[in-house]
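A.B. asks: Using the sequences and the accompanying hints, generate a full structural model.
Residue numbers (our numbering), protein chains in the order written: chain A, 1 to 100; chain B, 1001 to 1197.
Honestly, the hints are just simulated from the structure, not real lab data. Do not take every clue at face value.
Stated by the list, open to error - Derived lysine to any residue pairs resembling SDA-like cross-links, with alpha carbons at most 20 Å apart: (1) 1192/B - 89/A; (2) 1192/B - 1181/B; (3) 85/A - 1100/B; (4) 1192/B - 1101/B; (5) 1138/B - 52/A; (6) 1191/B - 82/A; (7) 1191/B - 72/A; (8) 1138/B - 5/A; (9) 99/A - 1113/B; (10) 85/A - 1179/B; (11) 85/A - 1184/B; (12) 1191/B - 89/A; (13) 87/A - 97/A; (14) 1191/B - 1100/B; (15) 99/A - 79/A; (16) 85/A - 26/A; (17) 87/A - 1098/B; (18) 1138/B - 42/A; (19) 1191/B - 13/A; (20) 99/A - 82/A; (21) 1138/B - 1029/B; (22) 87/A - 98/A; (23) 1191/B - 1095/B; (24) 87/A - 1105/B; (25) 99/A - 86/A; (26) 1192/B - 82/A; (27) 85/A - 1048/B; (28) 1191/B - 1179/B; (29) 1191/B - 1098/B; (30) 1192/B - 42/A; (31) 87/A - 1108/B; (32) 85/A - 1193/B; (33) 87/A - 1029/B; (34) 1192/B - 1098/B; (35) 1192/B - 99/A; (36) 1191/B - 1175/B.
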Amino acid sequence: MVTTYHYLLLSAALFTIGVIGVLTRRNIMIILMSIELMMNAVNINLIAFSDRLQQVTGQVFAIFVITVAAAEAAVGLGIVIAMFKNKETMNINEIDLMKW
Amino acid sequence: MGDHFIPDVTEIRNPKSEIRNHDEPMLELILFYVFATVAVVSALLVITRHNVVHSAAFLGATLFAVAGIFLTLHAEFLAGVQVIVYVGGILVLFVFVIMLIAVDRSTHERQFNRQWTIALITAGILIAELVYGLTQGKESFILPAPIPSAAGIPGNSEQVGTALYTMYLLPFEIASILLLVAIVGAVVLSKKRTPAE
Chain A
1 MVTTYHYLLL SAALFTIGVI GVLTRRNIMI ILMSIELMMN AVNINLIAFS
51 DRLQQVTGQV FAIFVITVAA AEAAVGLGIV IAMFKNKETM NINEIDLMKW
Chain B
1001 MGDHFIPDVT EIRNPKSEIR NHDEPMLELI LFYVFATVAV VSALLVITRH
1051 NVVHSAAFLG ATLFAVAGIF LTLHAEFLAG VQVIVYVGGI LVLFVFVIML
1101 IAVDRSTHER QFNRQWTIAL ITAGILIAEL VYGLTQGKES FILPAPIPSA
1151 AGIPGNSEQV GTALYTMYLL PFEIASILLL VAIVGAVVLS KKRTPAE
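C.D. replies: This is the structure in structure tokens:
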């Protein structure tokens, strides 16, 4: 039988993959995609507990997470386009305007 | 309407009844492993591919697989939202931006950071923490499967809608303001500066 534990393991795996993507990649598009992966992992957790505890609150919370993910993608991609117009690069190592 | 629902309800109340396994446990297990494998493998491909377009395509596969996971958790509404908002909205936005900016140069560059060893060590610590927490609390995480809803309980979309528009009305409105701010912010960030400025 599929238990909540299975879903927690899947969620932990996806979250870790997202963290590794954010920390190791240099392409800013892939970093944004990894952030989406992490948000999906969180949603799996919320919905697994929502189902097993028969509480719809978890699903409502997941809807808010998806809303925040959409807003984050819109603003993040706007920043990517603005940055690309200025520096012609997607490489985060070259985006160091604010580096002291 | 009354007559044929009554035996169902009494069967659900009886814990030894077969109706507890309404979901076909074997099928549920197979579906879970298929979706979980697709999700994890395509997530790994997202963070390892050189070409950004390939990463976006594999991200789509992951999102679809997660929608399938939501279906196995009886969250039909969330599965629909996942496909419509994530795949139909966010992923298409990603692909649009990839089309706007040059892909060719970044494909041939070095793909990983210079500090990737430190990054992997940090991720290893995270994995160790997660595995420790999950194995220590394994017993408490295994909750019994929910009893399939009786005839009188409304469907998933109805439950989510009722909760969203009554108990969580204020957060819902705040979320709409957040989306408005995000839209305005994205337009301001990416609009062309006129020479007069």
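A.B. asks: Checking each numbered hint in turn, tell me which of them this model violates, lowest number first.
C.D. replies: 10, 19, 27, 30, 33, 35 and 36
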